[in-house]
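Engineer: Given the sequences, and given the hints that come with them, work out the whole structure.
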Amino acid sequence: MSESGDASHEALARVVREHAGRLAASLVSLLGDFSTAEDLVQDAIETALRRWPAEGVPDRPDAWLFTVARRRGLDLLRRESTYRAKLDRLTWPAPAVPDDRLRLIFTCCHPALSRSAQIALTLRVVCGLSTAQIAAAFVVGEATVAQRITRAKRKIGEAGIPFRLPPPRELPARLGEVLAVIYLLFNEGYLSSTPERAQARDLVDDAEWLAALLANQVPKEPEAAGLLALIRLHRARGAARFDAAGRLVLLADQDRGRWDRQAIEEATALLVRAARSRRRPGPYQLQAAIVACHAEAADFESTDWAQILVLYDMLLHLAPSPVTRLHRAVALRYTKGAAAALAELDDLDEPLARYPLLHATRAELLRALGRRDEARRADEQALALTANPAQQALLAERLDWT
Amino acid sequence: MKYVLMFVETEAFAKELEAMSALELEAAYDAVGRWFAEHSDKITHHTRLDPMHTATTVRLGGGEPVVTDGPFVEGKEVVSGFAEIEVADLDEALKMVSTWPACPLLEIRPFS
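Sequence lines, in order, name chains A and B. Position 22 of the first sequence, counting from 1, maps to 931 under our numbering, and the rest follow consecutively. Position 11 of the second sequence, counting from 1, maps to 129 under our numbering, and the rest follow consecutively.
Simulated from the structure, these hints should not be mistaken for laboratory data. Remember, it's a predicted structure, so these values are computed and weren't measured experimentally. Mixed in with the good hints there might be a few duds.
[Stated by the list, open to error] Straight-line distance between alpha carbons at most 25 Å, and here's what the computed DSS-like set of lysine-lysine pairs gives:
hint: 1; chain 1: B; residue 1: Lys160; chain 2: A; residue 2: Lys1064
hint: 2; chain 1: B; residue 1: Lys120; chain 2: B; residue 2: Lys213
hint: 3; chain 1: B; residue 1: Lys213; chain 2: A; residue 2: Lys1129
hint: 4; chain 1: A; residue 1: Lys1064; chain 2: B; residue 2: Lys120
hint: 5; chain 1: B; residue 1: Lys213; chain 2: B; residue 2: Lys160
hint: 6; chain 1: B; residue 1: Lys213; chain 2: A; residue 2: Lys1064
hint: 7; chain 1: B; residue 1: Lys194; chain 2: B; residue 2: Lys133
Structural biologist: Dropping the structure here:
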């Protein structure tokens, strides 16, 4: 046993994440069957999660996982002589396997799969989460997740979804699918909309890890670096987002001394490098630039709102969305005033009727304009719409003292 | 892998066709012809169906067969033709249909 015998939950997650995807990628290449390879890897991971907490993490977790997967495969595939023969010949490390995880990611995020299937498959196959862990992270039943994964794997096999990198011409569009999956994972973890877990740490770790893997493997795509910078900039301020009682603290009220300045500088440098070397702006780079503007301000009053407004305009030009318009309206409040910002919200009533932040923002603006009763009603609407306990507490508190 | 491409016409597309002049219609047909020629090495068979007013639907299983006029889906999207193709994988099929010049909806389904 190595010193990594520290088999805490996080250490286990880290080890599994580092090795599960590699093993899956090499087995898919070697066996030529996505579903079979995935079953074997999942089996090995479940064995590891059962045994490592007691026995400690082995010195060579990759070799351990491989051995279990191979033994299991020889056992299971007794009747399927072709796979058996292939497995029989395998040794670890498999013959000079390059890092095939990029191919794995593109297969899991193939546009012919539904978004929910893309997410579940990526978490399971690339990050090595078990079905139970995915179910817990998204607060859905295990049977639902298992069925989603089974269906997706069948579709990959039967519809002929290839295990291959998209050709350069198709790469930007296919990369967009992957980035969307990672971004959703991050959001789910960071702004988790489910009760009892204001911050689900695991998904945020997984999202950052995936973004780093991707940015490293497609260094010529600035949007991959942009997403990584965006995630890191958010995380650098994570410690200040909640107070000691677990209540959400708004940006204006956050203790900026608790922000990780070094992480902010590094993420900003990453963003600037990507943006300057490629000069191809995109939604993730722009969102990261907006977060960087906030992160660089010494205090809320010195925020460069004019710059943020310009960035939102660029973002809306590239990727129009009502949620982005809502955020832009907030920036407008600090450049043109609360009345101008409030007027912007009128058009958003229809598309964002069920979006709690629209009502919370309206409440803030109304309160700034001294229209207290209307503000209160907007806060009540927001409260009725959010399931996030931290957001609920914040809104309830505001209702208490207004 | 073998796939069937199902070409689906929508109401909007049918209206577009109706509004075309003879010359425009000819150009549209030419574009379709060029697409088939371009991919002829991958297309093993293709069929264009006659207009949907010629369709007859039969429902079985409830005693006497029930025969009705028209296509089986009472929607605004109707299958108007098929092509069988043989390509390496779904990505190749997707690439092929990305340049399809006519109706705006396609279903790709493997068959063995």
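Engineer: Check each numbered hint from earlier against the structure, then list the numbers of those it violates in ascending order.
Structural biologist: none
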